[in-house]
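If you read the protein sequences in the order shown, they are chains S and F. Under this note's numbering, residues 1 to 402 are what the first sequence spells out, in order. Under this note's numbering, residues 1 to 215 are what the second sequence spells out, in order.
Source of the hints: derived by calculation from the structure; they are not laboratory data. Computed from a predicted structure; not experimentally measured. Mixed in with the good hints, there may be bad ones.
Result set (SDA-like, lysine to any residue): computed pairs, CA atoms no more than 25 Å apart in a straight line [stated by the list, open to error]:
1) S/K335 to F/N10
2) F/K12 to S/A376
3) F/K12 to S/T229
4) F/K12 to S/L377
5) F/K91 to F/G153
6) F/K12 to S/W386
7) S/K335 to F/I133
8) F/K12 to S/D85
9) F/K12 to S/T320
10) F/K47 to F/I133
Chain by chain, the residues:
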Amino acid sequence: MGDFFEYLKSQWSFAQEHPALAFFLLVVGYGIVMIGFFSAFAGPVTWVERRVAGRMQCRIGPNRVGPHGFLQWLADGLKNFLKEDLIPNAADKILFRIAVYPVFAGVFLTFVVLPLGPWIVGADLSVGVVYLLAVTALVVTGIIMSGWASNSKWSLLGGIRSAAQMVSYEVAAGMALLTAIIPAGSLSFQDIIEHQGGWPWQWLVVYSPATFLAFFVYFTASLAEGNRTPFDLPEAESELVAGYNTEYSGMRFLFFAFAEWANLYVIGAVITAVFLGGWRIPGVDIATQTNNIWLQFAGAAIFLTKASVLVFVTIWLRWTLPRLRVDQLMLMCWKYFVPFGIGLVVLSLFWQVLAAAVPTWVTSAISVLLTLAGAALVAGMFWRAWYNIRAGKDAPVYTWLI
Amino acid sequence: MGSVSTYFENVKNAAVTIFEGMAVTLSWMFRRPITIQYPDRTPEPVKDTLPDRFRGILEVHIPACTACSACARACPIDVILVETQKHPSGKGRLLMRFDIDISKCMYCGLCTEACPTGCLRHTPVFEATGRDIHNLVVHFVDGPVVPYKHKKGRPVPASPPPGDIVQALLKPWDAEYVAWSPGEFVERDAGGGDGEKGAASPGKVEGGATGSGSG
Numbered sequence: 001m002g003d004f005f006e007y008l009k010s011q012w013s014f015a016q017e018h019p020a021l022a023f024f025l026l027v028v029g030y031g032i033v034m035i036g037f038f039s040a041f042a043g044p045v046t047w048v049e050r051r052v053a054g055r056m057q058c059r060i061g062p063n064r065v066g067p068h069g070f071l072q073w074l075a076d077g078l079k080n081f082l083k084e085d086l087i088p089n090a091a092d093k094i095l096f097r098i099a100v101y102p103v104f105a106g107v108f109l110t111f112v113v114l115p116l117g118p119w120i121v122g123a124d125l126s127v128g129v130v131y132l133l134a135v136t137a138l139v140v141t142g143i144i145m146s147g148w149a150s151n152s153k154w155s156l157l158g159g160i161r162s163a164a165q166m167v168s169y170e171v172a173a174g175m176a177l178l179t180a181i182i183p184a185g186s187l188s189f190q191d192i193i194e195h196q197g198g199w200p201w202q203w204l205v206v207y208s209p210a211t212f213l214a215f216f217v218y219f220t221a222s223l224a225e226g227n228r229t230p231f232d233l234p235e236a237e238s239e240l241v242a243g244y245n246t247e248y249s250g251m252r253f254l255f256f257a258f259a260e261w262a263n264l265y266v267i268g269a270v271i272t273a274v275f276l277g278g279w280r281i282p283g284v285d286i287a288t289q290t291n292n293i294w295l296q297f298a299g300a301a302i303f304l305t306k307a308s309v310l311v312f313v314t315i316w317l318r319w320t321l322p323r324l325r326v327d328q329l330m331l332m333c334w335k336y337f338v339p340f341g342i343g344l345v346v347l348s349l350f351w352q353v354l355a356a357a358v359p360t361w362v363t364s365a366i367s368v369l370l371t372l373a374g375a376a377l378v379a380g381m382f383w384r385a386w387y388n389i390r391a392g393k394d395a396p397v398y399t400w401l402i
Numbered sequence: 001m002g003s004v005s006t007y008f009e010n011v012k013n014a015a016v017t018i019f020e021g022m023a024v025t026l027s028w029m030f031r032r033p034i035t036i037q038y039p040d041r042t043p044e045p046v047k048d049t050l051p052d053r054f055r056g057i058l059e060v061h062i063p064a065c066t067a068c069s070a071c072a073r074a075c076p077i078d079v080i081l082v083e084t085q086k087h088p089s090g091k092g093r094l095l096m097r098f099d100i101d102i103s104k105c106m107y108c109g110l111c112t113e114a115c116p117t118g119c120l121r122h123t124p125v126f127e128a129t130g131r132d133i134h135n136l137v138v139h140f141v142d143g144p145v146v147p148y149k150h151k152k153g154r155p156v157p158a159s160p161p162p163g164d165i166v167q168a169l170l171k172p173w174d175a176e177y178v179a180w181s182p183g184e185f186v187e188r189d190a191g192g193g194d195g196e197k198g199a200a201s202p203g204k205v206e207g208g209a210t211g212s213g214s215g
């Protein structure tokens with residue numbers, strides 16, 4: 001944002017005369033554009049989720065509102081706008097009202113540091129990763145507030161579960177992020193992205209075996225932080241009705257749901273930035289990309305594509321795995337992810353020492369090998385899926401289209 | 001097995017089972033859903049897919065109805081209302097009213113078994129709805145009619161294809177409810193005829209119908 005402002009100043013005389021006002025307008029404008037943009041992202045993701053869920057369960061999903069049901073999210077949003085905003089009589093009314101804002105803010109504040117291009121970023125904080133971990137912790141505050149203020153046992157249990165889960169998995173998520181930060185040598189998202197290259201074998205995920213495993217650890221831990229299945233214990237509908245948002249209705253309920261789906265993008269974007277090369281375009285160096293505004297937009301498109309693929313994987317995982325039990329969740333975190341995370345950090349540190357000692361071609365070869373391993377994983381997934389389709393060949397074939 | 005190997009075995013199992021599970025769900029992404037999109041995108045009309053003895057909405061073919069009220073007595077939940085009255089000429093009876101409340105009907109089929117002429121039957125029609133539940137009461141008789149009387153050697157009047165009668169009587173879903181009132185007495189060929197043609201004086205038959213609809 002600062003670099004972009006310098007560029008604006010050189011192009012636009014108004015910015016030179018009133019730099020403070022121009023900067024204020026720029027920041028407010030960027031905020032509005034970003035909130036609008038991610039609202040327009042979170043909405044359709046709900047439609048994508050329901051369509052994908054339908055197809056994975058051999059049904060169709062919403063297909064009535066708009067082409068292929070695409071406008072379903074608008075219809076649902078409108079419906080929630082028009083519904084009555086109920087507040088239970090016995091609820092703590094003030095707390096109940098304000099509980100949605102920390103959840104919403106916690107998710108949207110992350111957009112400050114998530115970069116879409118060299119200039120397309122709210123603020124390139126030097127402690128970006130720490131900031132991100134800090135503001136996502138704000139979400140749990142809102143969830144506990146809503147659970148407590150609802151004065152309902154379902155809500156309270158949901159809120160407390162969420163707190164336990166987020167506090168636990170933040171440790172694992174932090175360790176996994178640290179594993180990737182060690183080779184990058186910076187906590188700023190822009191620096192981490194600039195440290196990587198455009199091609200898959202230049203990404204941090206394949207930098208070392210430690211970062212390769214950290215990718216999976218972070219992905220799982222961030223699912224748990226975002227209350228996604230298989231870790232959606234705070235809103236386990238079979239046990240807790242709807243968990244912390246049981247008593248909410250109308251717009252407030254929508255805000256919770258909205259924050260949850262916006263959080264999907266945050267999960268994807270953080271992994272893209274830290275592990276998958278961010279906005280780097282293959283074969284284009286940073287200077288070229290910074291100086292050409294169209295290349296910046298192309299980088300943003302690449303970033304969003306990678307994030308969308310990860311969002312799809314998150315949705316896919318949700319419709320594959322059943323929910324964990326509370327004790328299994330805690331066991332998984334403290335007995336598997338946290339020791340693994342610590343081990344990965346140590347391994348990553350050793351790797352830095354090793355990489356300095358051995359010739360560069362050795363580390364490059366390992367990166368290429370890990371890239372091949374990742375490609376083999378994806379190919380193996382498609383091969384197994386193809387095998388499953390062929391195994392079900394004698395299933396009835398239906399002759400009409402959706 | 002040592003606890004350390006169990007630990008890593010667990011990790012391996014988790015990874016492999018999640019991978020396999022995701023492969024299964026992914027494979028379903030590429031298959032055609034089995035959902036049948038009732039009612040507008042079915043491969044053939046749903047009516048044609050129904051079994052032969054499907055018990056849909058009841059209908060009465062009035063020209064073959066003897067007004068015996070056997071159906072009303074057989075009905076366990078008083079869905080059918082049959083009202084008869086003495087013929088103004090003093091001879092015979094008039095069928096004043098034949099209502100079936102399809103919102104209450106539970107499609108048990110006892111009435112159809114009781115019907116002596118087979119004029120009461122289930123149809124393949126199963127779609128009926130309305131803003132006002134009273135609109136789901138189907139009135140099969142508009143005005144007093146002379147009931148059918150069977151004579152040896154004469155066939156029971158042929159009925160239209162099942163479903164046609166009740167389909168024509170069902171009101172649109174958004175129709176306003178208008179209370180039913182018996183219409184004028186219209187002499188009509190009640191099928192068998194019982195020699196009373198022209199005997200009844202035209203004119204509105206006032207109330208006081210003798211209800212025999214209680215089952």
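Here is what the structure says about each hint:
1. Of the pairs offered as hints, the one joining S/K335 and F/N10 holds, with about 11 Å between alpha carbons and a cut-off of 25 Å not exceeded.
2. Of the pairs offered as hints, the one joining F/K12 and S/A376 holds, with about 17 Å between alpha carbons and a cut-off of 25 Å not exceeded.
3. Straight-line distance between C-alpha atoms of F/K12 and S/T229 comes to about 21 Å, which keeps the hinted pair within the 25 Å bound.
4. Restraint check for F/K12 and S/L377: satisfied, since their Cα atoms lie roughly 15 Å apart, inside the 25 Å limit.
5. For the hint pairing F/K91 with F/G153, the CA-to-CA distance comes to about 24 Å; that is within 25 Å, so the pair holds.
6. Of the pairs offered as hints, the one joining F/K12 and S/W386 holds, with about 23 Å between alpha carbons and a cut-off of 25 Å not exceeded.
7. For a cut-off of 25 Å, the pair hint linking S/K335 to F/I133 is broken: about 61 Å separates their Cα positions.
8. Using a Cα cut-off of 25 Å, the hinted pair F/K12 and S/D85 is violated, with the two alpha carbons roughly 48 Å apart.
9. At roughly 18 Å between alpha-carbon atoms, F/K12 and S/T320 fall within 25 Å of each other, so this suggested pair holds.
10. Taken as a hint, the F/K47 and F/I133 pair is honoured in the structure, with Cα atoms around 24 Å apart against an allowance of 25 Å.
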